Amino acid sequence: MAAERLFGSWRERLWPVFVPVALIVVIVVLASFGSGSLQRTVTDGLIKLVIVVGLSMFIGNSGVVSFGHASFMAIGAYVSAWFTMPAALKRMRLPDLPAFIAQAQVSQLEAAVIAAGVAAAAAALIGVPLFRLAGVSASIGTFAVLAAIIAMIGNWDGLTGGKSSLIGVPVYTNLWIALGVAIAAIVVAHAFQRSRYGLRLQGSREDEVAAKAVGIGIYGLRILAFALSAFFVALAGVLHGHYLGILSADAFFLNITVITLAMLVIGGRNSLAGAVVGVIAVTTVTEVFRRIEAGFTIGDVVVAAPVGLTEVALAIFMLGILIFRPAGIMGGNEFTLPAQLGGKRHDRVVGAQG
Amino acid sequence: MTILLQGVLDAVSIGGLFALMALGIGLIFGIMRLINFAHGELITIGGYAMVVLADAPPLATAILTLLFVILLALVMERLAFRPLRQASLPTLLIASFAVSYLLQNVLLLIFGGNTKGVNFLPSLSQPIEFSGLRITYLQTVIIVVTIVLLVAVTLFLKRTRFGIQMRAAAEDFRMAQLVGIGATAVAVTAFATSGFLASVVSLLYITQIGVILPQTGLQPALFGFVATVLGGLGSLLGAAVGGFVIGCLAVVLQIVLPLELRLFRDAFLFAILFAVLLIRPQGFIVVRWARERV
Numbered sequence: 001m002a003a004e005r006l007f008g009s010w011r012e013r014l015w016p017v018f019v020p021v022a023l024i025v026v027i028v029v030l031a032s033f034g035s036g037s038l039q040r041t042v043t044d045g046l047i048k049l050v051i052v053v054g055l056s057m058f059i060g061n062s063g064v065v066s067f068g069h070a071s072f073m074a075i076g077a078y079v080s081a082w083f084t085m086p087a088a089l090k091r092m093r094l095p096d097l098p099a100f101i102a103q104a105q106v107s108q109l110e111a112a113v114i115a116a117g118v119a120a121a122a123a124a125l126i127g128v129p130l131f132r133l134a135g136v137s138a139s140i141g142t143f144a145v146l147a148a149i150i151a152m153i154g155n156w157d158g159l160t161g162g163k164s165s166l167i168g169v170p171v172y173t174n175l176w177i178a179l180g181v182a183i184a185a186i187v188v189a190h191a192f193q194r195s196r197y198g199l200r201l202q203g204s205r206e207d208e209v210a211a212k213a214v215g216i217g218i219y220g221l222r223i224l225a226f227a228l229s230a231f232f233v234a235l236a237g238v239l240h241g242h243y244l245g246i247l248s249a250d251a252f253f254l255n256i257t258v259i260t261l262a263m264l265v266i267g268g269r270n271s272l273a274g275a276v277v278g279v280i281a282v283t284t285v286t287e288v289f290r291r292i293e294a295g296f297t298i299g300d301v302v303v304a305a306p307v308g309l310t311e312v313a314l315a316i317f318m319l320g321i322l323i324f325r326p327a328g329i330m331g332g333n334e335f336t337l338p339a340q341l342g343g344k345r346h347d348r349v350v351g352a353q354g
Numbered sequence: 355m356t357i358l359l360q361g362v363l364d365a366v367s368i369g370g371l372f373a374l375m376a377l378g379i380g381l382i383f384g385i386m387r388l389i390n391f392a393h394g395e396l397i398t399i400g401g402y403a404m405v406v407l408a409d410a411p412p413l414a415t416a417i418l419t420l421l422f423v424i425l426l427a428l429v430m431e432r433l434a435f436r437p438l439r440q441a442s443l444p445t446l447l448i449a450s451f452a453v454s455y456l457l458q459n460v461l462l463l464i465f466g467g468n469t470k471g472v473n474f475l476p477s478l479s480q481p482i483e484f485s486g487l488r489i490t491y492l493q494t495v496i497i498v499v500t501i502v503l504l505v506a507v508t509l510f511l512k513r514t515r516f517g518i519q520m521r522a523a524a525e526d527f528r529m530a531q532l533v534g535i536g537a538t539a540v541a542v543t544a545f546a547t548s549g550f551l552a553s554v555v556s557l558l559y560i561t562q563i564g565v566i567l568p569q570t571g572l573q574p575a576l577f578g579f580v581a582t583v584l585g586g587l588g589s590l591l592g593a594a595v596g597g598f599v600i601g602c603l604a605v606v607l608q609i610v611l612p613l614e615l616r617l618f619r620d621a622f623l624f625a626i627l628f629a630v631l632l633i634r635p636q637g638f639i640v641v642r643w644a645r646e647r648v
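Quick note, the sequences are listed as chains A and B, same order.
Quick note on numbering: my numbering labels position 79 of the first sequence as 79, and the sequence is numbered without any gaps.
Count along the second sequence starting at 1, add 354, and that's the number in my numbering.
Please note that a few of the clues may not be correct.
Said to hold, decoys possible - Here are the in silico distance ranges between beta carbons for each label pair:
id	chain 1	residue 1	chain 2	residue 2	range
1	A	96	B	408	40 to 50 Å
2	B	609	A	288	50 to 60 Å
3	A	292	B	465	46 to 56 Å
4	B	617	A	89	22 to 32 Å
5	B	408	A	290	33 to 43 Å
What the hints assert, rightly or not - Some chain B residues close to chain A (C-beta under 7 Å, calculated; not the full set):
id	residue
6	444
7	445
8	534
If you're looking for bench data, these hints aren't it; they were derived computationally from the structure.
These numbers come from a predicted model, not from an experiment.
C-beta atoms are modelled at their ideal positions from N, C-alpha and C, and glycine is treated no differently.
Whole structure, please, built from the sequences with the hints as guidance.
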C-alpha cells in the first residue's frame, strides 16, 4: 500500500509510459501510409528518439551532462557491422579484424545485442576514472572520450575503413524495427527512473551533499546509469548503421551530439516525457528548415537557403529554451493521468528547476 | 642531447600556447562557474579575421584581430551568458556548447567548409639554427609572449582594482556583490580578459598551423578544458600548469610514439590524463571554494 500512496494507482503509474508510446505508435502508423520521404524522416526520428531516451537515462537521472554518448553509438554501429557483414567483404575491407569476429556467424539480433553489450562494457570501464571527477569535470571528460574514440575510428583503417567510409553493411532497419526498439527504450527508461537506483540518482541530482549524507553511493550509480544508457544509445547506433548501410566516423561526432542534446534540453532533460516531446519538436523544426535549405518556389522564384542554416536555427532554438524555459517544454514533468480518468492532482517538487 | 634539447624547446613553445588557452578558459570558470566551450571558436574567428585582413599591414591585422575577438567575447557574454547568470552549472555547460556550435555553423555559412590558408608574417616561420638546434622566430615569439602574458595577467589580478574585484568575485560572488562589486562589471572584465587571451592564442596558433577551418578551434579548446580539469578547476595557476603539461605531453608523445601510432596520439594523451585524474581526481591544485559546501 505504501507504493500506492507514493505513486498512485496502477493506472496513474503506467500513464507516463502509455502516453509517449501511444504518441509514437500513432505517428508511425500514420507515416506508414505516407510518402517514402516521410517514412525516412520518421524512421530517422525514431532512431534519434532511442538515443535521446538513452541519454535521458543517464543525464536525466544523474544531472551530469554527457557530451560523449555518440562514441557509444559509434561502437554499437561498428561492432554490429563487424558481426553481420559478409565474410568475403570483411576479409577485403577489414584486414585487422580478429579471426573470431571475421569468421563469426551470428544473427542480426545477436549481433545487435553483442554490439550494445560491448558499448555498455566500454562505458562502465570509462566510467571508473570518469566519475571520480566532480560533475562538470566529468562532463568535460566525456567530451574528451568522444574526441579520442572518433579519432581512433577515423584512423584505424584495418578495423573501420578509416577515412573512406565502411560500405556494405547489411540494411535491415525499417520503421517497425525502429518503433520496437524505441518502445523498449521508453519502457526500460521508465522502469529505471522509478527503480530504487533511479530514485537515488535523482536524489543526488537535486542535492549531491544531502544524497551522500543519507548514504547514497553516487559513484557506482553513475557508472551503472552510464552503462545502461550506453547500451541503448549503442542500439540506436546499430539501427543507424543497418539503416544507411554505410558508416563513417564523422557521422558520430558533433552534429549528432548537438542535435540529440538539443532534443533532450528542449523537451526538458529531467523527464522521460521531455525526451519524447523534444524529439518530436526538434524533428519537426529541422525538417521544415531542411525543406527551406533544399529550396522551394514562390510563384516563379526559387528560394534556397544556404547549407548550415538548420544547424544555426537549432542552436538558437536550444539557447532560447535554456534562457527562457531552462527546464524545457515539459518543465521536468511526466504526462500525468487527467482527473477525469481518476488521476489525482499532486504537485511535483523534484526536478522543477533547470 | 641535441634531440632532447630540441624536444624541450618544442614542448615549451606548444606548452606555452596551451597554458594561455587554459588560462582564458580557467578565468571564466573561476568567476562565472562557466566552462566556455565557445572559447575555441574565439580562436577560430581570430583566424578568419586574419584571412579577411590578409592584405592589410601586419600590425593593423594583429590589432584589428585582437579587437574583434575581444568584442565578440563581450557580445557572447551579453547575449548568451548574462541572461543565464542564475542558471545551474549543467545549463551553463549546455548553453556554451550551443554557442560554440552556433558560431561554427555561422562560420560555415559565411566562409564555407573548405580549408583556407593563413599566411600571416611568413618571415616568422624562418628557422634560426644554433649549435644544431632549430627554432623558428615564431616559437621564440610564442615563448616570450607566454611568459610576458602570464606575468601581466598575474599582476593584473593581484594589483589592479578590476583584478582584485574579479578575484573577490571568484572567491564568493554573493559576498563580493554585498560589498559593492558590480556583478556585470566583473563579468565584462572577465570576458574581455579571456577574449584578449584567446585573440593572442589565435594570432600565434593560427600563424603556426597556417590553415583554418570552421572546426579548427575545437581541438586546442578541448586540450584547454582538460587542462583546467587537470590543473584543478577554479585555480588559475593550476590551469596554466595543466595547459603547459598537456602541451609538453603532446610533444613527447609525438616523439616517442612509433610512426603508425602517431595518428592515435590524442587517444594516448587522454588515456594518460585519465590515469592521472584517477589518482588525483581533484587536479593539481585545489582551491578552497571548489570543495562542496553544505
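Evaluation of the provided hints:
no. : hint                      : verdict
1   : A:96 x B:408: 40 to 50 Å  : holds (44 Å)
2   : B:609 x A:288: 50 to 60 Å : holds (52 Å)
3   : A:292 x B:465: 46 to 56 Å : violated (21 Å)
4   : B:617 x A:89: 22 to 32 Å  : holds (24 Å)
5   : B:408 x A:290: 33 to 43 Å : holds (35 Å)
6   : 444                       : holds (5 Å)
7   : 445                       : holds (5 Å)
8   : 534                       : violated (28 Å)
Violated hints, listed in ascending order, are 3, 8; each of the other numbered hints is respected by the structure.
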